[in-house]
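Chains as they are written, first to last, in my numbering: chain A, 1 to 390; chain B, 1 to 130.
Worth flagging that the hints you see were computed from the coordinates, not collected in a lab.
DSSO-like cross-link-like pairs, simulated, lysine-lysine; straight-line CA separation at most 27 Å: (1) B:K23 x A:K245; (2) A:K202 x B:K118; (3) B:K23 x A:K202; (4) A:K245 x B:K118.
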Amino acid sequence: MSAGNSSPIQVLLIEDDPGDAQLLRELLAGEKNPSFHVRHVGSLKEGLAHLAVGRVDVVLLDISLPDSTGLPTASRLHQQFPLVPIVVLTGLDDDTVALELVRNGAQDYLVKGHVDGNILSRVMRYAIERKRSEESLRKAYAQLQATQTELVQAEKLAALGRFSSGIAHEVKNPLGVVLGGVEFLERRLSGADSETKVALEKVKESILRADMILQGLLQFARPSQPMVQPVEVKELIEDSLQLLKYKGPLRDIQVEVEAVSAQMVFHAEKNQIQQVLFNLLVNAVEAMPQGGKLTVRTEASAKEICGVEPPLCVIEVADTGNGIAPEDIQRLFEPFFTTKHDQKGIGLGLATSKMIVENHAGKLVIQSQQGKGTRARVILPVRGGNHGSH
Amino acid sequence: MAVTDVKTVLIVDDEEDFCFFVKENLQQLGSYQVLIARDGASGLKMAKDVHPDVILLDIMMPRMNGLEVLKRLKASADTMEIPVLMLTAKNDAQSQQQAAQLYGEDYLAKPIQADFLKTKIEHALSRLGR
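Extracted from the complex, chain B is given alone in its bound form (with noise of 0.2 Å):
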C-alpha cells in the first residue's frame, strides 16, 4: 500500500489505557498510523512537528483543556488547517458550543465505538479533501 494512502492520526488524551485501545483498533480498521500525546502541551508540538491528517482531542485534561488546546491549534498557521474532532467524556452544550467557536470539526462523546469513530474520520477527511 503506498505510503501516501496511510493517514496519520494523533491523539491527544491523558487517558493511557483509553489511547491504547483507539490506537489499536483504529490500526487494525484501516490505514492509519496513531500517534499519542498524553498532555496539552506536547499534543501541541507535535501537531507542530508532525502535521497529522486529523486529530482527535480530549477536554478535560490536567494544566492545558481541550478546549485551551483546539484555541491554539487554529490560531497558528501551521496547524489551523489540520481537522480537530473533540473526543471526550464531557458531552454538556456548554463545551460543545465552545469547540464549535474554536471551529472544531465535530464533537464525540466517549465511549465511542472504533468503527462509528472511523465513519467520523473519514467525514472528516472527505470534507475537507484529504
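Next comes chain A alone, as it looks inside the complex (with noise of 0.2 Å):
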C-alpha cells in the first residue's frame, strides 16, 4: 500500500464521461507527497477486468456507468473485490444515497464539481486507511471469535474432567466388585457348561469395556502430563500381550513378537503408554474376526522418524486384517470417529492414543490397505519429551 511512503497511489478510475475524467486525471496529476497514478476505464466491466489483474490501492467509481448504474454498483464491485477501497463520485448530492453506498461496501461520497485536488487526495487516502483497519479490526474479530470458542471448549472439558475425575472413583470400585466376582464365578464354575462360560466371558467383556470407556473420557477431558520413568519395551509388550489375552480368547489368531531386546529402555509414562499399546492391540484383533496374524515389532533407530527426534524407539502393531477405507484412513484420530459397527467402541481410543504419544513429542502413524491389513506404529524418543499439547 502506498498512502505513506513515497510510491505512488495506483488509482483505477472508473468513469464513462471523458471531460469528467480528464478533470479529475488533472486535479490528481497536481499531488505530490503521495502522487498519484491514474488508470482509466470507460465501465464496470473494464474495472472489474483490470482489477483482477492489476495491483489497485483505490477506486474511484461513477456510479452513473452504461453497464450499471445505481447502488448495486458500489456493491458488486465490493462483493468482488472486497479488500478495495472505493470512493464513489457522483453528480447527486444526497445523503441517503451516500449513506446507502457505504453501507453497500464505499468508504465515502464524492460530488463531482464540489472536489479539488487537495479533498480528492484526501479523501483517497483515508479511504485506504479505513479500509486497512477495517481489515485489521476483521481478523482481529475472527481471531477473537476463535479463541472464545476454544476457550468455551477447553472450559467443557475443564468441567467433564471435574465431573469425571469426581465419578470415576465411584463406578471403578464397584466395578472392580463386579470383576473380582465373575472371575471368582469362573474358577468356582470351570466345571459348568458351555452357555455358562460364554454367559460369564461376555460379562467380564462388558465389565473391561466399560472402564476402557471411563479411562478414555477421563484421560479426553483432563489430559495427565507424561511423569516420565524407564521403562523396558520388553516387559512393556509382554504386560500389554497378558492383558490382551485377558480381554478375551485370541481366536484363531497367531501372534508373534519380533525383535524385542531385552536392553531396548526408553523415558515414559509407562501406563499411558501401555494404554497406547493395548489400544493398538485390540483395534488389531477386532480387525481379524476370522483370524489372522498379529504381529508385534521394535526398532530401534539413530536417525529422525516423522519429524521425531532420534535416538527413537519404534514399537510396530500389524495385523492382516480388513484393512482400513482410504476415506475413514484420515478421520481416524478424530474424537469419536470409529469404524465399529457392533458397539465395540465410542470412537476415543486413537484420539486419546494420538494425544498420550505427541505429548510424549513422539508420532502414532497408521497405513492401511483394505483387504490386507494395517500396520500402527508408535515412534517416541528415548530420552523422553513432554509437549503437553491437546
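Reassemble the complex: the two chains are provided individually, in unrelated frames, and hints are given to aid placement.
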C-alpha cells in the first residue's frame, strides 16, 4: 500500500464521461507526496477486469455507468473485490444515497464539481487507511471469536474433567467388585456348561469395556502430563499381550513378537504408553474376526522418523485384517470417530492414543490397505519428551 | 508344597467386597496367603507384625489415605523393604507421581483382572529377589 510512502498511489478511475475523467486526472496530477497514478476505464466490466489482474490501491467509481447504475454498482464491485477501498463520485448530492453507498461497500462519497485536488487526495488516502484498519479489525475479531470458541470448549472439557474425576472413584470401585466376582465365579464354575462360561466371559468383556470407556473419557477430558520413567520395552509388550489375552480369547489369531531386545529402554509414562499399545492391540484383534496374524515388532533408530528426534524407539503393531477404507484413514484420529459398527467402541481410543504419544514428543502413524491389513507405529524418543499438547 | 513357597499378600483397602474377591481369586491362582486390613492404621500395624511379602494398597480410605500409609511404611525400618503396589480407583497423574516419589513399586488401576494382578505381584517380587 502506497499511502504514507514515496510510491505513487495506484488509482483505478471508472468513469464513462471523458470530460469528467480528464478533469479528475488534472486535479490529481498536481498532487505530490503522495502522488497518484491514474488508470481510466469507461465501464464497470472493464474496471472489474482490470482489478482482476492489476494492482489497485483505491477505486474512484462513478455510479452512473453504461453497464451499471445506482447503488448496486458499488456493492457489486465490493463483493468481488472486498479488500479494495472505493470512493464514489456522483453528480447527486443526496445523504441518503451516500449512506446506502457506504453500507454497500464504499468508503466515502464525493460530489463532482465540489472537489479539488487536495480534497480528492485526502479522501482517497483516508479511504485506504480506513480499509486497512477495517481489515485489521475484521481479522482481530475473527481471531477473538476463534479464541472464544476454544476457551468455551476448554472450559467444557475442564468441567467434564472435574465431574469425571469425581465419579471415577464411585464407578471404578464397584466395577472392581463386579470383575472380581465374575472371575471368582469363572473359577468356581470351571466345570459348568459352555453357555454358562460364555455368559461369564461376556460379562467380563463388558466390565472391561466399561472401564476403558471411563478411562478414555477421563484421559480425554483431563489429559495428564506424562510422568516420565524408564520403561523396558520387552516388559511393556509382555504385559500388554497378557492383558490382551485376559480381554478375550484370541480365536485363530497367531501372535508373533519380533526383534524385542531386553536392553531396549525408553523414557515415558509407562501406564499411558501401555494404554496406547493395548488400544492398538485390541484394534488389531478386532480387525481380524476370521482370524489372522498379529505381529508386534520393535526397532531402535538413530535417525529422525516422522519428525521425531533420535535416538528413537519404534513399536509396531501389524495385523492381517480387513484394513481401513481410504475415506476413513483421514478421520482415524478424530474424537468419537469409529469404524467399529457393533458397539465395540465410542471412538476415543485412537484420539487419546495420539494425544498421549504426542505428549511424549512422539508420533503415532497408521498405514492400512483394504483387504490386506493395518500397521500402526508408535515412534517415541528414547530420552522422553513433553509437548503437553492437546 | 513348602511353607516358604507361599507368599503373603496384605491388602489394605476399605472396600470389603473388593478385598474378598481379590483374596479368593489370588489364593485360587497361586500360592498366596492373603490378609486384609480395612484401614490405614490397621494396615500399618499388620505390616509391622506380619511382615508380608507384598502389600496392595488403596489410596482413597477414610482417616488415613493410602499415600500417607505408604509414606509411613517407607519411613519405618521394619517395613521399608516391603514392595507396595498401589491398587486404586484414583488413577490420576498427580497421585501416581506422589506414589512414585514415596517409592511405591507400581501403580495399578481398579478394576483389575486377577491374572494381571498376579503378574504384577510376581514382577515386583522377582525385582526384589523374593
